[in-house]
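2 protein chains.
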Amino acid sequence: MANKNFSSLPGFRDFKPRDCAIRNYLFDAWRSVATRYGFIEYEVPMLEPTELYMKKTGDELPTQLFRFEDQGKRDVTLRPEITASLARIVSDVQRDYPKPMKWFEIGQCFRYEKPQAGRTREFIQFNADIIGEAGAGADAELIALSIDTMLELGFTGADFVIRASDRASWLQFCEGRGITDAGAFLQIIDKWERDPSEARVKKLAEYDLTEEEVTAFIENTDNASDEFKQIEADLTARGLGEYIELDLTIVRGLAYYTGTVFEIFDKAKSMRAIAGGGRYDDLIKVISNGSADLPCTGFAMGDVVIRNFIEETPHALMQLEAWLQRQTPCEVYVIVADEDQRLGALKTVAELRNKGTRVGYTMSKLKMQKQFQKAEQSGARYAIVVGNEYPELTLRNLETRGEEKIHPNSDMLAIMQTRLSGDDGPIIC
Amino acid sequence: MANKNFSSLPGFRDFKPRDCAIRNYLFDAWRSVATRYGFIEYEVPMLEPTELYMKKTGDELPTQLFRFEDQGKRDVTLRPEITASLARIVSDVQRDYPKPMKWFEIGQCFRYEKPQAGRTREFIQFNADIIGEAGAGADAELIALSIDTMLELGFTGADFVIRASDRASWLQFCEGRGITDAGAFLQIIDKWERDPSEARVKKLAEYDLTEEEVTAFIENTDNASDEFKQIEADLTARGLGEYIELDLTIVRGLAYYTGTVFEIFDKAKSMRAIAGGGRYDDLIKVISNGSADLPCTGFAMGDVVIRNFIEETPHALMQLEAWLQRQTPCEVYVIVADEDQRLGALKTVAELRNKGTRVGYTMSKLKMQKQFQKAEQSGARYAIVVGNEYPELTLRNLETRGEEKIHPNSDMLAIMQTRLSGDDGPIIC
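Residue numbers (our numbering), protein chains in the order written: chain A, 4 to 432; chain B, 4 to 432.
Hints may be right or wrong, so weigh each one.
Where chains are identical, the list cannot tell them apart; a pair therefore holds if satisfied intra-copy or between any two copies.
List time: in silico DSS-like cross-link candidates among lysine-lysine, alpha-carbon distance up to 27 Å [as the list claims (entries may be wrong)]:
1. K58 with K377
2. K205 with K350
3. K358 with K408
4. K358 with K206
5. K232 with K368
6. K19 with K102
7. K232 with K117
8. K350 with K370
Note that these hints are calculated values from the structure, not bench results. These numbers were taken from a predicted model, which means no experiment stands behind them.
Looking at chain A on its own, in the form it has when it is part of the complex (with noise of 0.2 Å):
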């Protein structure tokens, strides 16, 4: 059955059912969360000026886009992240919101990348941010709630650990060792754990620095900045402070991050970051001409990585597959028995739904049997059989197969709810 005009682009997902719930699931998650945590949503377009994003980023992003003239020779592009367009937005409107503005986003992101696991072409993101708040306290709200979005997911402190430091430790590094090109130097560390010793060593050599020199900078706790400290404390009197770790190996590669950065990191694949985020003071007055100046730290999470994170760890994948059967297309199901009482079984399933259940019915002439193994398909708790002594029902427990009777001058729709909200109590028979 191969062919070409079946196929999606490369590194573009078509999400079937299952693939559409498992997003669904990801985005209560992180809507649950961050409604908790007061934030609200917004959103922006999926297609922005490419002017936009070359404001923001230094030279790594323009091969990686989606970027083309649009029928009225604009220069535009797929947005690759949203921070940019946030920048943009909150520079317009500020001005009609209380600060600080505590603001989340879900939706989708384009990046030209060579596709392959856990890189697709197409992506869904969740950014959360807060601007207009310089302290430490603001970086800790958003590390608290990457926590609880890990722990929402059904993660725990087996399965994940965020590292974080804060640029300003190197900063101080670098004052210290008269290093006045402190962004170049920031792209070794970044690299510190990829790199083998060798080229860590050549690099630091141009600035006379030996290796054991920068690793017991790293590995000297004292070396936290303060904004840390206080960081680490708020988590711990939130309940969170088994879940956070000082890393000044942490730099985050852009240059625009001004002061704490973190990741959360897979525990068993310690090289693999799930997610992350920083302190960007200066990106609004970037992009804004200087109109507006807002300090800011964001947070960002793919769902591909979390995707996969989840279904290698058996307690989250667990989590998720006990929603996911919660999620059956009906709840009840209405047979017809006699096609001549059609009209009548209608009447109930449009009564059932206007209740709230999820019903479904055969929609045309269909043997009982094979109506009643449609209803199972459909992953109904409940078949309502409706037939000639019809306004009588006949309610089945389609798990227990145990039927009973609904006499007319009964209420269906009462009873029918009893049956839906309770554990299964036993039907009479």
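On the provided structure of chain A, position chain B as indicated by the hints.
Relative to the frame of chain A, chain B by itself:
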């Protein structure tokens, strides 16, 4: 403050928090109705091979596409609609699902149109389709879903009506009059209400028909197809008969419809279609090059027109506003009365959030009065004051200004839950 960098592209929208909440209100309504009807959700890529749309459509659409060449020299297009992708995915996976498949989707689409009232270049569509069911029962189910979507949004029979028809009526008409190019003839009917009389007369003359003759056919309800009559009886049994009427001038422009077609009309502006749908039994065969062949019927509604319609309809708007008022960022705000009790306050914040409450607090030192101001801005109904009496807490109702003390050995979380779920019961001062 005008600055070209601040703008999104023409026809693209920023969803500030209020706009995003209204979007979510639509999403909730669409999902709620679709799941009650036993539909399951799917999603398809934002970007597809252009060939997919070429295959589906006639010659109208291609000029309105966001079409470009990606870095891999592929001819790609930002999806202008969902049905072509649905046909692709269904062709591919239909063997894994019992029929009929009832699937729905919610997501962005893109068309390069001239931005104007009700028309944007990026819009959100709700799509519901029934695949693998040829009978009129499926069309009735879909029209019922479209009616219940309108009712869910607070509209009444005074606001909207479904005008439905069946292309079969016209195919019979054409056959009876020896018209062989029924497709071209249907274009005349499609423009019936928009064309001036002279234009109609001129076009009909080519078929040796008079305006009176065709008008008589349109006005004769005997020309309703058997399918239409079945749909009407079906909807009437559900209590939805009042919302549908026969209108033979509804044929819908697109070439791919094959049977029942319908549109939701605004009764106040009767020329304005709010949403629509119809049967398209050939599309899957076309898209799959014949490897799959399933009858389909589908419905789509966009977010722009329906939002405008809500905002123009007082009772629907009132329902929206009431919903928006319940979406405050916070339910409870924790006030740090003494900065040295901040960690105790954070503990309280965390405990409340763990119970599912939306909680805010001030992330850095601030005067009490300013904190209460922030509490009120956040929409919180209660403030909890943590100070030097900690772990004793003061609970203040922000509406009544009533206060009560919560003693250390009482269950603060239970008290808070009761307060928030109750009808603002009196607070003991």
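Exercise. Between the shortest in-copy and the shortest cross-copy C-alpha distance, which are at most 27 Å for K58 and K377: within, between, both, or neither?
Worked result: Neither way: K58 and K377 sit 56 Å apart in one copy and 34 Å across, limit 27 Å.
Exercise. Using 27 Å as the alpha-carbon threshold, which applies to K205 and K350: within, between, both, or neither?
Worked result: neither (79 Å within a copy, 47 Å between copies)
For this session: Pop the pair K19 and K102 into one bin, within, between, both or neither, using alpha-carbon distances up to 27 Å.
Result: between (41 Å within a copy, 15 Å between copies)
For this session: State whether the alpha carbon distance between K358 and K206 is at most 27 Å within one copy, between copies, both, or neither.
Result: neither (68 Å within a copy, 50 Å between copies)
Problem set entry | Intra- versus inter-subunit Cα pairing at 27 Å for K232 with K368 | between (70 Å within a copy, 17 Å between copies)
Exercise. With identical chains treated as interchangeable, where does the CA-CA distance between K232 and K117 reach 27 Å or less: within a copy, between copies, both, or neither?
Worked result: neither (40 Å within a copy, 55 Å between copies)
For this session: Have a look at K350 and K370 and pick one of within, between, both or neither, based on CA distance no larger than 27 Å.
Result: Within one copy only: 20 Å inside, 61 Å across.
Exercise. Which holds for K358 with K408 at a C-alpha limit of 27 Å: within a copy, between copies, both or neither?
Worked result: within (21 Å within a copy, 41 Å between copies)
Hint check: violations occur at hints 1, 2, 4, 7; the rest are consistent with the structure.
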